[in-house]
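Colleague: Protein chains in written order, with my numbering: chain A, 1 to 316; chain B, 1 to 315.
For the record, the hints were derived by calculation from the structure and aren't laboratory data. Glycine residues also receive a C-beta, built at the ideal position from the N, C-alpha and C atoms. Treat the hints with caution; some may be incorrect.
Below, a sample of chain B positions facing chain A; criterion: calculated Cβ distance under 10 Å [said to hold, decoys possible]:
#	residue
1	Leu109
2	Phe273
3	Thr297
Simulated DEER-style distance windows between Cβ atoms [said to hold, decoys possible]:
#	chain 1	residue 1	chain 2	residue 2	range
4	B	Val202	A	Ile296	48 to 54 Å
5	B	Gly302	A	Arg26	40 to 46 Å
6	B	Glu197	A	Gly21	17 to 23 Å
7	A	Val44	B	Val52	42 to 48 Å
DSBU-like, lysine-lysine: derived pairs with alpha carbons at most 35 Å apart [said to hold, decoys possible]:
#	chain 1	residue 1	chain 2	residue 2
8	A	Lys126	A	Lys206
9	A	Lys28	B	Lys120
10	A	Lys126	B	Lys120
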Amino acid sequence: MSSVNPVTPAAPTSVVESLRGSPRRRRKERAVHVVFFGAATMSVLISVGIVYSLVGNAIDFLQSVDLSQLWTTGYFPRRGLFDLKTLFVGSLLVTGIALLVAGPVGLGAAIYLSEYASPRMRRSLKPILEVLAGIPSVVIGFFALTWIAPNIVQRLFSDAGTFSLAAAGIGVGILIIPIIASVAEDAMRAVPISLREASYGLGARKITTSVRVVLPAAVSGIVAAFILGISRAIGETLVVALAAGGSGGSTFTTDITGPGQTVTAAIASLSFGSDQPAGDGAAFQSLYFLGIILFIFTLLLNLAGDVFVRRTRQRY
Amino acid sequence: MSATRTTIATVAVERSLAARKRDWLGQAFQVLLLLSLIVALAIIVFLLSNVVGGAWRVWHTRGTDFLSQGGSRQAEAAGVWQGIRGTLTLVVFVVFLAFPIGIATAVYLEEYAHDNAFTKFISVNIRNLTGVPSVVYGLLGLAVFVRAFGLDRNDGGGFTGGKSVISAGLTLAVLVLPIVIITSAEAIRAVPGAIREAGYGVGASRWEVTRMLVLPSAAPGILTGTVLAISRAMGEAAPILLIGANTGFFSSGNQDFVEQLRGTFTALPAVIFGWARETSEFRDVTAAAIFVLLVITVLANGTAVWLRNRFEKQW
Chain A
1 MSSVNPVTPA APTSVVESLR GSPRRRRKER AVHVVFFGAA TMSVLISVGI
51 VYSLVGNAID FLQSVDLSQL WTTGYFPRRG LFDLKTLFVG SLLVTGIALL
101 VAGPVGLGAA IYLSEYASPR MRRSLKPILE VLAGIPSVVI GFFALTWIAP
151 NIVQRLFSDA GTFSLAAAGI GVGILIIPII ASVAEDAMRA VPISLREASY
201 GLGARKITTS VRVVLPAAVS GIVAAFILGI SRAIGETLVV ALAAGGSGGS
251 TFTTDITGPG QTVTAAIASL SFGSDQPAGD GAAFQSLYFL GIILFIFTLL
301 LNLAGDVFVR RTRQRY
Chain B
1 MSATRTTIAT VAVERSLAAR KRDWLGQAFQ VLLLLSLIVA LAIIVFLLSN
51 VVGGAWRVWH TRGTDFLSQG GSRQAEAAGV WQGIRGTLTL VVFVVFLAFP
101 IGIATAVYLE EYAHDNAFTK FISVNIRNLT GVPSVVYGLL GLAVFVRAFG
151 LDRNDGGGFT GGKSVISAGL TLAVLVLPIV IITSAEAIRA VPGAIREAGY
201 GVGASRWEVT RMLVLPSAAP GILTGTVLAI SRAMGEAAPI LLIGANTGFF
251 SSGNQDFVEQ LRGTFTALPA VIFGWARETS EFRDVTAAAI FVLLVITVLA
301 NGTAVWLRNR FEKQW
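Given only the sequences and the hints, what does the whole structure look like? Please build it.
Modeller: Okay, structure coming up:
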């Protein structure tokens with residue numbers, strides 16, 4: 001030991017003591033350390049709290065309800081009908097429409113900002129996306145209900161009503177444009193300039209360079225952008241609760257021009273304000289069951305998105 | 001023979017290099033890309049013009065009366081005062097709970113933690129918490145703050161009082177905590193190592209380096225993150241609605257302050273949600289309430305930008 005580190009035996013204990021500082025200062029250091037550590041464990045406690053509060057009630061729900069009621073004709077919790085496919089298909093339709101809106105717009109914005117815009121253009125265009133990202137979802141919900149539904153959905157589909165899954169989907173799409181754009185832009189900017197130079201050196205045009213070189217190089221980041229967008233779309237509540245109607249329940253539907261219900265909107269319509277069912281009935285506990293489904297879905301999507309984001313960072 | 005061939009080749013190359021062919025496809029592509037940003041801008045413009053139009057009509061007919069009235073079943077009498085007060089109270093909870101804990105966590109992760117499995121677990125955990133849908137945080141608040149800490153007493157609620165401002169404030173604090181942590185940690189990471197080494201070099205302890213050098217240097221970045229968190233908290237509707245925010249009329253009577261904290265409450269996003277579901281008579285007041293919410297958010301963001309520019313440091 002001493003042959004490896006010749007300094008240790010040479011240092012007298014008094015020097016070591018004096019370097020350690022006063023005991024009071026050391027005590028303070030340790031106390032501060034403990035406080036910071038305690039703060040950091042709070043986040044773990046919160047996760048445990050989420051899982052614990054959801055799982056317990058969800059299990060109670062599954063035990064109290066007839067399992068055949070999870071696959072019936074519609075979702076009417078107050079009548080004991082908890083058809084999951086109504087909600088899943090609703091969520092799927094809304095997310096699909098949202099991607100149709102946000103995919104092209106978000107990706108287009110990302111390519112423009114990363115490949116075409118000059119630094120000055122970028123500085124003045126980027127705030128558009130930041131402002132869009134800062135608009136609360138309840139506001140987008142109001143917009144989807146009062147503007148998108150009459151002006152876009154009812155013009156495209158003449159038989160569409162005030163409430164429709166299509167309006168909700170477009171609203172959710174608006175919400176996820178900034179997410180898709182910013183994650184995809186980050187991925188494309190991370191592609192090294194040398195790849196673009198090589199492409200130009202071979203005589204490629206700008207469009208060829210962007211589409212055939214930069215996009216494939218950034219593909220995992222773009223996949224991550226879509227995954228994170230999907231995750232956000234599935235978890236979005238207020239837009240669907242306002243624009244898709246379906247308070248109280250919904251029969252199974254695949255019609256995007258009519259009202260419908262998603263997993264989040266089902267939680268919302270059951271629990272908002274004075275409509276909240278009291279006590280520990282199955283209807284109330286179904287909230288937690290839906291909550292844990294939502295939690296697991298989004299968690300898996302976010303983990304997958306994370307993997308893809310990290311892959312772009314590592315490649316170059 | 002070979003000389004003529006060279007000439008022909010040279011001419012061909014020269015012509016193809018000199019030809020100013022317009023790249024129509026490339027230009028169309030660029031226009032298409034720009035269009036997607038214009039679509040985003042158009043959405044904002046339509047949305048704002050909608051909101052401002054409604055808000056203007058309300059302002060024109062009612063003036064400041066709209067700001068000072070409480071909720072009502074009649075659109076002509078409904079005001080946002082209770083909503084504004086609720087939102088500001090909730091922000092106070094966020095500021096006093098989420099900010100200290102969040103910044104302390106960020107300091108721990110960046111300055112104190114060893115690179116071990118537990119640290120990695122905490123940071124992965126925090127990243128995942130940011131992706132949890134807000135409605136799930138609402139369920140957490142409903143299960144923990146409203147029911148476990150609230151309704152198990154006979155006198156109408158433990159320390160949170162059930163569906164109260166306290167429950168909603170705690171829930172929102174939990175919701176924005178990961179945002180505060182991540183943005184603060186980024187700001188702290190951006191402080192150059194040389195600053196810390198200089199501190200240790202003159203004999204400062206870890207806490208002294210953190211308090212006197214790292215935190216002041218990271219303050220502008222941390223501030224930006226905290227304001228992001230505040231505007232997120234002010235705009236969230238789903239969690240507070242799950243907690244039981246009132247969407248209609250209620251009277252708080254002449255309760256004292258603590259009773260009000262433990263009693264019925266509302267906040268601007270809940271007011272907006274409630275009115276958006278009402279008949280079309282409520283359109284304009286809803287737009288006006290949205291306008292008030294956006295103004296408060298912009299004010300908060302503006303203050304942050306101003307503060308950041310004032311204290312920003314260049315390394």
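Colleague: A separate judgement is required for each hint: does it hold in the structure or not?
Modeller: Against the structure, the hints:
1. Taking 10 Å as the C-beta contact cut-off toward chain A, the hint placing Leu109 (chain B) at the interface holds, the least distance being around 6 Å.
2. Interface hint at Phe273 (chain B): satisfied, since its Cβ lies 5 Å from the closest Cβ of chain A, which is below the 10 Å cut-off.
3. With a cut of 10 Å, the hint placing Thr297 (chain B) at the interface with chain A holds, because the nearest CB-to-CB distance is about 7 Å.
4. Taking the beta carbon of each, Val202 (chain B) and Ile296 (chain A) are about 51 Å apart, inside 48 to 54 Å as hinted.
5. For the pair Gly302 (chain B) and Arg26 (chain A), the supplied restraint of 40 to 46 Å holds, since their beta-carbon distance comes to about 44 Å.
6. For Glu197 (chain B) and Gly21 (chain A), the Cβ-Cβ distance of about 18 Å falls inside the hinted range of 17 to 23 Å, so the restraint holds.
7. At about 45 Å, the CB distance of Val44 (chain A) to Val52 (chain B) agrees with the hint of 42 to 48 Å.
8. Distance hint between Lys126 (chain A) and Lys206 (chain A) is fulfilled; the C-alpha atoms sit about 21 Å from each other, no more than 35 Å.
9. Taking the CA atoms of Lys28 (chain A) and Lys120 (chain B), the gap is near 26 Å; set against the 35 Å cutoff, the hint holds.
10. Taken as a hint, the Lys126 (chain A) and Lys120 (chain B) pair is honoured in the structure, with Cα atoms around 33 Å apart against an allowance of 35 Å.
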